[in-house]
Each structure stands twice: as structure tokens, then as C-alpha cells.
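Novice: Let's have the full structure, built from the sequences with the hints guiding it.
Taken in order, these protein sequences are the chains called A and B. Each step along the first sequence adds one to the number in the working numbering, with nothing skipped, and position 124 is 589. Each step along the second sequence adds one to the number in the working numbering, with nothing skipped, and position 82 is 547.
Derived from the structure by calculation, the hints contain no laboratory data. Heads up, none of these hints are tricks.
One copy or two, it doesn't matter: identical chains are merged, so the pair holds either way.
Quick list of in silico lysine-lysine cross-link-like pairs, DSSO-like style, CA-CA up to 27 Å:
(1) K609 x K472
(2) K609 x K674
(3) K547 x K472
Number of protein chains: 2
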Amino acid sequence: ENILEAKPIVYRQISVPQPVGKEYCTDSGLVVPSVSYKLHRRLLIMAERLGLSLERRLEMTGVCASQMALTLLGGPNRLTPKNVHQRPTVVLLCGPHVQGAQGVSCGRHLANHEVEVVLFLPNFVKMLESITNELALFSKTGSKQVSTVKDLPDGPVDLVINCLDCHENAFLRDQPWYQAAVNWANQNRAPVLSIDPPVSGQEQAVEAKWSLSLGLPLTLGESAGRVYLCDIGLPRQVFQEVGIMYHSPFGCKFVIPLHPA
Amino acid sequence: ENILEAKPIVYRQISVPQPVGKEYCTDSGLVVPSVSYKLHRRLLIMAERLGLSLERRLEMTGVCASQMALTLLGGPNRLTPKNVHQRPTVVLLCGPHVQGAQGVSCGRHLANHEVEVVLFLPNFVKMLESITNELALFSKTGSKQVSTVKDLPDGPVDLVINCLDCHENAFLRDQPWYQAAVNWANQNRAPVLSIDPPVSGQEQAVEAKWSLSLGLPLTLGESAGRVYLCDIGLPRQVFQEVGIMYHSPFGCKFVIPLHPA
Numbered sequence: 466e467n468i469l470e471a472k473p474i475v476y477r478q479i480s481v482p483q484p485v486g487k488e489y490c491t492d493s494g495l496v497v498p499s500v501s502y503k504l505h506r507r508l509l510i511m512a513e514r515l516g517l518s519l520e521r522r523l524e525m526t527g528v529c530a531s532q533m534a535l536t537l538l539g540g541p542n543r544l545t546p547k548n549v550h551q552r553p554t555v556v557l558l559c560g561p562h563v564q565g566a567q568g569v570s571c572g573r574h575l576a577n578h579e580v581e582v583v584l585f586l587p588n589f590v591k592m593l594e595s596i597t598n599e600l601a602l603f604s605k606t607g608s609k610q611v612s613t614v615k616d617l618p619d620g621p622v623d624l625v626i627n628c629l630d631c632h633e634n635a636f637l638r639d640q641p642w643y644q645a646a647v648n649w650a651n652q653n654r655a656p657v658l659s660i661d662p663p664v665s666g667q668e669q670a671v672e673a674k675w676s677l678s679l680g681l682p683l684t685l686g687e688s689a690g691r692v693y694l695c696d697i698g699l700p701r702q703v704f705q706e707v708g709i710m711y712h713s714p715f716g717c718k719f720v721i722p723l724h725p726a
Numbered sequence: 466e467n468i469l470e471a472k473p474i475v476y477r478q479i480s481v482p483q484p485v486g487k488e489y490c491t492d493s494g495l496v497v498p499s500v501s502y503k504l505h506r507r508l509l510i511m512a513e514r515l516g517l518s519l520e521r522r523l524e525m526t527g528v529c530a531s532q533m534a535l536t537l538l539g540g541p542n543r544l545t546p547k548n549v550h551q552r553p554t555v556v557l558l559c560g561p562h563v564q565g566a567q568g569v570s571c572g573r574h575l576a577n578h579e580v581e582v583v584l585f586l587p588n589f590v591k592m593l594e595s596i597t598n599e600l601a602l603f604s605k606t607g608s609k610q611v612s613t614v615k616d617l618p619d620g621p622v623d624l625v626i627n628c629l630d631c632h633e634n635a636f637l638r639d640q641p642w643y644q645a646a647v648n649w650a651n652q653n654r655a656p657v658l659s660i661d662p663p664v665s666g667q668e669q670a671v672e673a674k675w676s677l678s679l680g681l682p683l684t685l686g687e688s689a690g691r692v693y694l695c696d697i698g699l700p701r702q703v704f705q706e707v708g709i710m711y712h713s714p715f716g717c718k719f720v721i722p723l724h725p726a
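Specialist: As C-alpha cells, this is what we get:
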């Protein structure tokens, strides 16, 4: 008979050059170490250098984040032809940075799936090109874009997606539009999903129920809620080039929950 | 008491200017008409004109097609840490056209998920830029690329993904590399997934178990197997501009099965 000897399972398939302490694990027990913002930034710069453009990353992040959001909204139970007259409403709060562009991309894919999307983005004279491109595509969905919180819905919505923060430029938090958006989110009773929130040193102004980290997690604080990890399509060589030994923890999924190890 | 009157469900939410006859329906009964290749082509040209670049579309198509392939491979049952020593093998057969580039993108995302991928693409002196870009990214996964069927696996593999055909240039079918790849696929006992196969007029040289149409289906023949539809991220205005009245049939999914109506 054919008896296969089971090889031991290796749970530590990712190792980073400078461990920053906090480790997570997946549902199946794989260890996913958190990385410093500096290393995460190097990873993304390397990805772009090896040809994985920001445009591609924005597209993939938007698709996968919207898949998570659609699940949070109730998935197949909520989005059926029977419920077409009760479309879920999602408010996206976006700042003027790549994190904001990620939010706009996510909003477009949600709108493509018949979700009622309202996008908040403050007015600026000059915007990042990546934001301008995402906005142009978003506008083709016919969804609403507002530049002041006064034009956001008064009543509770189904989900708020927070992309107000970026990893640098903490001074944005002092600006009136930021404060106003934070106040609106904290007054609305909707649960909050944060996409790509910054490390825990900066306490989140908006408490999240869920947070979605991209590629590898940063060390997130309590106010990030339950942490999920999003595949952003980085091939193995990108990890190798910045000194990370990496095997995918995603299995067949593109978004997975992470638990404190 | 609050008695809500149920509004009637509208099952016909997509209508095309020149119906070509064949209609499909989704699991929930929504009608999805097939379109001519000419209209499908206009849809994609309009998408690019409105800012949805081919690069973006390739990324999204690759993600969603790989999600379907991962499900076909057994999903969470197959891709667990316990099975890491028995990784599934997928052979991608790609021609020198956008359909081939879509296959390479799908292959990269499969490789990112620890699938053993072997990519067949014949050697050409000059390639489409979109293929060159996808190949450069694919090479960063460390997966195998071959240019002759002699270097393809001898034994059965888990899945063959067929991207040999394009919608124009049927003359490619007369070339030796095409014939050799077709013979290899037909001799291997693996089930075949065709991505973006051409209309039924041209009979498929490789019989597919499943076919994945992009955006809206063409009229596919028997040899296309079971038809699935892939969301490729087109906002509603793209459909409007080519005269298609459109509401998403996808619900919360990005790949859905279609049934003959």
C-alpha cells in the first residue's frame, strides 16, 4: 500500500530582516510578522522598480478591498435582485494621498456592483496624478463625490471606509477638513473599515471595526479593530530584494483575517 | 404596522443595441445577453478611451481569472499549509496577443499563491508591449516559462488554462507551435479552462470544461464548456457610450456562472 509520510508543517514561512516584535497568525496557523513602515515602503518602491506600477497596485487593491467590503455588507444575502430597491450605502472618506487613491479605486468597484457610494475628498488645487486618474474613472460610475462633510448623508449608512490617514504627513490631521470628516464618522453609527491605516504610534482618530493591511501588516493598535491582510500581487522576488523570506500566507484567498499570535 | 410592498423583480437589466440571439442567465435569474465580437471590441476601446487602461484591465482580469482557477483547483481544501508539498500544477498555453497577456497575468497571480505554474509562449522576435510587460512581471515569481511543447510536463497536470486563441487572426491556428500546443493539451488529461475564447463560429481546437468570458459574453459553442462571466471593472458609462443599458449581474461576486436562458 501507498503510505505517504506526512512532512511536518512549517508555520513560519515568512521572515523579515528586522523583526519589529508584533506577530500575527492566519486561520491555519501560519505566522505573519509585522514590518516597520520603512520596510513596507521599501517593499512598494521595489515593486514599482520591478514593473508593478502604482496603477496596477491601485487596481488590485481596489478589487480586493471592495471584495472585503461586499462581504462586510452582507455578501450574497444583501446583494440579490430582490434587494435592488434597498441598495447598501457606503461612504468613503479619502485624503489627498495614495491611501486616498486606494479608497477611490475601492469605491469605483463597489459602485460597479450597484452599491450606493458617496465619496468625500477635500478640494485641492493640485492633486497627485494617481488620485486624478482614479477620480476620472470613479466619475464614470455616476456616483456622488462631495468635498465638504455638509454634503455627506445625515442618517446612518451601512459602512464607512476610512482612507483619511497616510503614513507620512501627520500634520494633515490638523486641517479643518480632516477634523470635520473625523467628527462626521464618529457621529455616524456605521461600522468603519480602515484601508491601509498607519502604525499604532499615531492613535486612529476614527475607531475602526476592521482594518485592511496591504501585502504585509504594520504593527497596528487597538483602535484598528480586527486586522485583515490583502494580497497586492507582489511576486516573490520583490520580497527577496528587500531581504524578506516569503511564502504566500493567502492560500486560495486574496483577503485573509490575521490574529494576534 | 410597517408593511413593505415588494416591488417586482426586474430580471432583464441589461439590453444591447443589436441582440445576437443567444441569451444567458445568472443563478438568480438575471438575463445576460450575449454580444457580437464587434460590440465587445467597441466596449473595450471605449473603456480605454475613458481611462481604463489595458494595463489595469490585465491586472483585474488576472486577479479574477486566478480566483476562478484557484476554486477549480480545490480552493481551501487543496491550498492549505498541510498540502504545501503537493502543490497543484497549472499549465498556461498563451499565444502572442492580448488574450495571451491575460493568461500571463493570471499565471502570475496563481504563482503568487504557491501554485506550480508552467507558462508556454512561443518565441517571437517582436512581441506586443502588453505581453512583454506581463512576462517581465511573471519572471519575478520564479516560475517556469517555456517556448516549445517539448519542455511542458509529460504527465497529467491539475489544470490547463487555454489562451491560445484570439478573436482576430485565425491564421495563427495554422502555425506549427499552435498545432503542437493543441495536441499537447488534447493528450494531457487535465481539465481545460479557456479565458476569453472567440465566438462559436470558429470551433475550439481544444475542448474546454469551463470558459471565462470578460465583461459580457460572446455567443459560445458547445466546446466552450460551462460559461462563466468575469467582472473586468467597466463603469456604467462605458456601457452607455456604446448603447448598452447595463446594471451589474455580479451581485457581490466578480466571477459568476452563466446558464443558457
